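Visitor: The primary structure of each chain is shown beneath.
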Amino acid sequence: MQAFSNAGSGDIVLAIARRIVENRSYLSDIDGLIGDGDHGVNMAKGFSLAAERLRGEPRPLAASLAALGDVLMTEIGGSMGPLYGVMFSGFAEALDGVEEIDAAAFERMLRHGLEEVQSIGAAKVGDKTLIDAFAPALEAFSAATAKGESFAAALDALIAAAEKGRDSTIDLVAKIGRAARLGERSRGVLDPGATSCAIILRSLAEGAKAKLAGAQ
Amino acid sequence: MQRFINDPDLVVEDTVRGFVKAHRDLVKLGENPKVVAYVEAPIRGKVGVITGGGSGHEPAFVGYVGRNMLDAVAVGEIFSSPTAKSFHDAMKIADGGRGVVCLYGNYAGDNMNVKMAVKLAAKDGVEVLTVVANDDVCSAPLDQREKRRGVAGEILMWKCGAAKAALGASLQEVQATAQKAIDNCRSIGVGLGPCTLPAVGHPNFNIEAGKMEVGIGHHGEPGTHVEPLKTAAEVARDMVKAVLDDHNLPSGAEVAVLISGLGATPTNELYILNDTVDDEVHARGLKVARAYIGNFFTSLEMVGATLTIMALDEELKQLLAVEVACPAPL
Chain A
1 MQAFSNAGSG
11 DIVLAIARRI
21 VENRSYLSDI
31 DGLIGDGDHG
41 VNMAKGFSLA
51 AERLRGEPRP
61 LAASLAALGD
71 VLMTEIGGSM
81 GPLYGVMFSG
91 FAEALDGVEE
101 IDAAAFERML
111 RHGLEEVQSI
121 GAAKVGDKTL
131 IDAFAPALEA
141 FSAATAKGES
151 FAAALDALIA
161 AAEKGRDSTI
171 DLVAKIGRAA
181 RLGERSRGVL
191 DPGATSCAII
201 LRSLAEGAKA
211 KLAGAQ
Chain B
1 MQRFINDPDL
11 VVEDTVRGFV
21 KAHRDLVKLG
31 ENPKVVAYVE
41 APIRGKVGVI
51 TGGGSGHEPA
61 FVGYVGRNML
71 DAVAVGEIFS
81 SPTAKSFHDA
91 MKIADGGRGV
101 VCLYGNYAGD
111 NMNVKMAVKL
121 AAKDGVEVLT
131 VVANDDVCSA
141 PLDQREKRRG
151 VAGEILMWKC
161 GAAKAALGAS
171 LQEVQATAQK
181 AIDNCRSIGV
191 GLGPCTLPAV
201 GHPNFNIEAG
211 KMEVGIGHHG
221 EPGTHVEPLK
231 TAAEVARDMV
241 KAVLDDHNLP
251 SGAEVAVLIS
261 GLGATPTNEL
271 YILNDTVDDE
281 VHARGLKVAR
291 AYIGNFFTSL
301 EMVGATLTIM
311 ALDEELKQLL
321 AVEVACPAPL
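Residue numbers (the working numbering), protein chains in the order written: chain A, 1 to 216; chain B, 1 to 330.
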């Protein structure tokens, strides 16, 4: 079976946090074009705070995701705090009690996270938000597994779709959030939320792939 | 960047500590250091009145905590909504047993965090009603008022809502009065120069020399248009027109006028604006019952000003006259 253990995979969350912190200035710079310019700063603050709390003893992936979701929701604020907070808490809920994470469990995790984001935000695909990276990534992952592709190949499809979705935001006009007030002037630049979401999904998928390779 | 800061990542913490030290007689810090409360909060038998918002707008939001004013404020990062936890903690500290109203501005983050906090408060058995300010006329057309941002009109909403609560009104009555107060407010901002978030280090938008951005938001959200900077009198006339054309007030109506600097505009220029604003309002057959001129709701060191005009009825007039003690001017 293509699967990796929940118990030994909490370090994937540390890797996600590292990637967000590395992209602090980049995310703030693109946010500066159509927002406040603080997206990277706030994201890095939340993810590094979570990483500090998680360092030390190894934890299951579900527990680490839950801790990250909790920090983002209770410590970060803004709109990205609650949105990413419920996303990671949703991931954690879906993995709770799952010992071996296979493609089906991974898909349930993604789907529950997306549902949670959509339960507090009103964004749809095409509104120039993180949903533009997240929704197609989930779709590509399910389509690949439905076609019988391996878990690892489905993760590659997920990364490619997330990044294609992220790039699609360049040509979009923001419909929601602070950039929406720019109207046409929001066209031509990446959406910061879709960009951070693609970073998160790539790093999550790469972490899962490394675990799968290690499990073989 | 020529700024008085220690660590750019800790400007909010440092600000709040200094604020509380300055106003120990009126405010206290909650167990959550991102919640500032009135020293007497919670007041038994009174509806709690709270707000919350990003930092960088001082003296808003924290400056309006006080006697006959807000019971607690949730503090966010610079220009960023407070967390759901901070809103929730502010609700808890303000609850005197008759419920809490949360009077806040229409921004995506605040909407989400308040919504989550209201649910958390309900679990504690605290009923929370909300009013969302949407007084900025340039942020959406009148028929989409629910999309408009909340700006300096929020201060008048807090004042009326808090005064109503202080007079012993019920939770529903306080909510209804605060809603009426903000429904009666219209605001517009004009920006002449950008602001810089300390943690970012460079201006977050540009306004060319000799230009002004009409309809600018409290965080530099772009306005309706950029045009050459005109005289104060012409700018004031444009601002009054934008605000009153949206208002449709009958001749003889009484109004409150609030002109707030955005952070780096000298106070005397606000009076220069008011010189024409007052004339223009009277020329339309309206009467200025109260005028508030100063730095009430700033945007870091943005150059510019906002104008808010609130239509008054007897109740709102009386509520604005209720005496208060809070750190901010009012």
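A portion of the hints provided could be inaccurate.
[Said to hold, decoys possible] No more than 27 Å apart at the CA atoms, straight line, and that leaves these computed lysine-lysine pairs for BS3-like:
#	chain 1	residue 1	chain 2	residue 2
1	B	K211	B	K115
2	A	K209	A	K164
3	B	K147	B	K28
4	B	K147	A	K175
5	B	K241	B	K287
6	B	K21	B	K180
7	B	K241	A	K124
8	B	K241	B	K211
9	A	K175	B	K115
10	A	K164	A	K175
11	B	K180	B	K241
12	B	K147	B	K180
13	A	K175	A	K124
14	B	K119	A	K124
15	A	K124	B	K147
It is worth saying that the hints were derived from the structure and are not from the lab.
Please read these numbers as outputs of a predicted model, since none were measured by experiment.
Visitor: It remains to establish, for every hint, whether it holds in the given structure.
Guide: Hints, one by one, checked against the model:
1. K211/B with K115/B: Given that 27 Å is the threshold and the Cα spacing comes to 39 Å, the pair is violated.
2. K209/A with K164/A: holds, 20 Å
3. K147/B with K28/B: With a Cα-Cα distance of about 34 Å, the restraint between K147/B and K28/B is violated, given a limit of 27 Å.
4. K147/B with K175/A: holds, 11 Å
5. K241/B with K287/B: holds, 16 Å
6. K21/B with K180/B: It is violated: about 35 Å lies between the C-alpha atoms, which goes past 27 Å.
7. K241/B with K124/A: violated, 37 Å
8. K241/B with K211/B: It holds: about 20 Å lies between the C-alpha atoms, which stays within 27 Å.
9. K175/A with K115/B: Answer holds: K175/A to K115/B is near 21 Å, not above 27 Å.
10. K164/A with K175/A: holds, 19 Å
11. K180/B with K241/B: holds, 22 Å
12. K147/B with K180/B: holds, 17 Å
13. K175/A with K124/A: holds, 9 Å
14. K119/B with K124/A: holds, 24 Å
15. K124/A with K147/B: holds, 17 Å
Hint compliance for this structure: hints 1, 3, 6, 7 are broken, all remaining hints hold.
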